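Hey, can you work out the whole structure from these sequences and the hints?
1 is the number of the first residue of the sequence shown in full-length UniProt numbering; add one for each residue after it.
Hints in this document: simulated from the structure, not taken from any laboratory.
Just so you know, not all the hints are guaranteed correct.
The following label-pair restraints were derived from C-beta to C-beta distances [what the hints assert, rightly or not]:
1. Glu305 with Gly234: 49 to 57 Å
2. Gln190 with Pro248: 14 to 22 Å
3. Thr219 with Asp323: 14 to 22 Å
4. Ile65 with Gly209: 55 to 63 Å
In silico DMTMM-like pairs for lysine to aspartate or glutamate, Cα to Cα no more than 25 Å straight-line [claimed, not checked]:
5. Lys236 with Asp278
6. Lys105 with Asp210
7. Lys105 with Glu381
For clarity, every value in this text was computed on a predicted model and none was experimentally measured.
Note that beta-carbon positions come from the ideal geometry of N, C-alpha and C, so glycine has one too.
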Amino acid sequence: MPAVPGPPESSMNDAAAPNPQMTGDPDGADHRPLLRRRSTSAAGAQGAPQSAAARRGRSIAGWIIVGTIALAAMLPTHFVVESAGPALNTIGEVDGTAMLTVTGKPTYPTSGALDMTTVYVQGGGQQRLGFFNVLSGWINPRQDVLPEEMVLPRGTTSEQQSEQNTVMMDDSQQLSTAAALHELDIPFTQHLSVAGFATEQNAKALKTGDQLVAINGTTVTDLALLKDELQKAGEKPSELEILRDGKPLTVTVNTTAGPGGQRQLGILLGSGFDFPVDVTFGLENVGGPSAGMMFALAIVDELTEGEMTGGKHFAGTGAITADGQVQPIGGIAQKMVGAKSNGAQVFLAPAENCTDVVGRVPAGLDVVKVETLDQARAAVEGIGGGKDPKSFPTCQ
Numbered sequence: 001m002p003a004v005p006g007p008p009e010s011s012m013n014d015a016a017a018p019n020p021q022m023t024g025d026p027d028g029a030d031h032r033p034l035l036r037r038r039s040t041s042a043a044g045a046q047g048a049p050q051s052a053a054a055r056r057g058r059s060i061a062g063w064i065i066v067g068t069i070a071l072a073a074m075l076p077t078h079f080v081v082e083s084a085g086p087a088l089n090t091i092g093e094v095d096g097t098a099m100l101t102v103t104g105k106p107t108y109p110t111s112g113a114l115d116m117t118t119v120y121v122q123g124g125g126q127q128r129l130g131f132f133n134v135l136s137g138w139i140n141p142r143q144d145v146l147p148e149e150m151v152l153p154r155g156t157t158s159e160q161q162s163e164q165n166t167v168m169m170d171d172s173q174q175l176s177t178a179a180a181l182h183e184l185d186i187p188f189t190q191h192l193s194v195a196g197f198a199t200e201q202n203a204k205a206l207k208t209g210d211q212l213v214a215i216n217g218t219t220v221t222d223l224a225l226l227k228d229e230l231q232k233a234g235e236k237p238s239e240l241e242i243l244r245d246g247k248p249l250t251v252t253v254n255t256t257a258g259p260g261g262q263r264q265l266g267i268l269l270g271s272g273f274d275f276p277v278d279v280t281f282g283l284e285n286v287g288g289p290s291a292g293m294m295f296a297l298a299i300v301d302e303l304t305e306g307e308m309t310g311g312k313h314f315a316g317t318g319a320i321t322a323d324g325q326v327q328p329i330g331g332i333a334q335k336m337v338g339a340k341s342n343g344a345q346v347f348l349a350p351a352e353n354c355t356d357v358v359g360r361v362p363a364g365l366d367v368v369k370v371e372t373l374d375q376a377r378a379a380v381e382g383i384g385g386g387k388d389p390k391s392f393p394t395c396q
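And the structure:
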């Protein structure tokens, strides 16, 4: 007999329910709601372990990221950080010791300040900085971050660089004396000597302090002539006549090709001079050639009547040649910060550094660009005498 359709499902829980067989289920029970509950329960049972696994995965990934960042922070970088160092008055004293003393000719009173400026360099060589040190340098507007190779040539150790900086400072002091005497038309003689070694290629043939007399029969009068003679010889060894401890000696030296094909001896050359005055420098623990111009101005001030600065506070930087050419240096932005912090009113900058100066001048500091010692002296004397610093050439 055909089944009789039952009432709607929504009425199945009513007290007056119809005959159970009307559901079409053999045992008279409707299992569909129960099946749906079982399905939901199974899904929840499976979802719980999946959620825990996801949380564990995210936790592991987080620790991996943290560990990677921590490892990166500890690894050394190939960057250095430059910041302002102290500014030192070349016509004053440091810890009770005169920065320079001139004897052999009459000297005159000075006033004001002619500050040389310095830069602290962190990192490089065997003292590489971590990531966060470099990041701090990038964030700090008063610091600069540079690739290590711009300060420390590849393959050079920190100790070698320190030695080279000391040699360059000694050479700079000699050159500043030469430049000052040249500016004042006081005669002197010049010669080249071995100040150190950049490589070991001629370390057995030459010694520090050897004075270069002639190369391949040609008298060595300056660095340009020496380079020309080495270039002419090419890859062939050269005969170098020297004075060692005052005694003449001839040695054979070899060269290698440097940048641009220039033949190189692998030595550091110092300019030796015979001066009619004796200049003693009281500065220690500062290296490099960048104080040359300010030392030269100090010597000129000492050897001339009148107070060149007019009592004003000057600072500056720049390497110097024996004939008074002012050459560019590094770290000038930090040096201006150090100069201003020490009270300088005017800063003398090498003209070739002007691109590094623009946009970095501290408020209240006037910058005068110079190409020669003569221009630097004219600026100091003019501003010291009352002229407006802005009437002199500037980098702006």
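>> 14 to 22 Å was suggested as the range; check whether the CB atoms of Gln190 and Pro248 agree with it.
In response: 19 Å Cβ-Cβ, so the 14 to 22 Å window holds.
> Can the suggested window of 14 to 22 Å be confirmed for the beta-carbon pair Thr219 and Asp323?
Replying inline: holds (19 Å)
>> For a C-alpha distance cap of 25 Å, please report whether Lys236 and Asp278 respect it.
In response: Not OK: Lys236 and Asp278 at ~40 Å, beyond 25 Å, violated.
> CA of Lys105 to CA of Glu381, is that 25 Å or under?
Replying inline: Status holds; Cα separation ~22 Å.
> So does Glu305 sit 49 to 57 Å from Gly234, Cβ to Cβ?
Replying inline: At 53 Å between Cβs, range holds.
> Is it true that Ile65 and Gly209 lie within 55 to 63 Å of each other by Cβ?
Replying inline: About 58 Å separates the Cβ atoms of Ile65 and Gly209, which means 55 to 63 Å holds.
> Hey, Lys105 versus Asp210, does the alpha-carbon distance stay inside 25 Å?
Replying inline: violated (29 Å)
Checked against the numbered hints given earlier, this structure breaks hints 5, 6; the rest are met.
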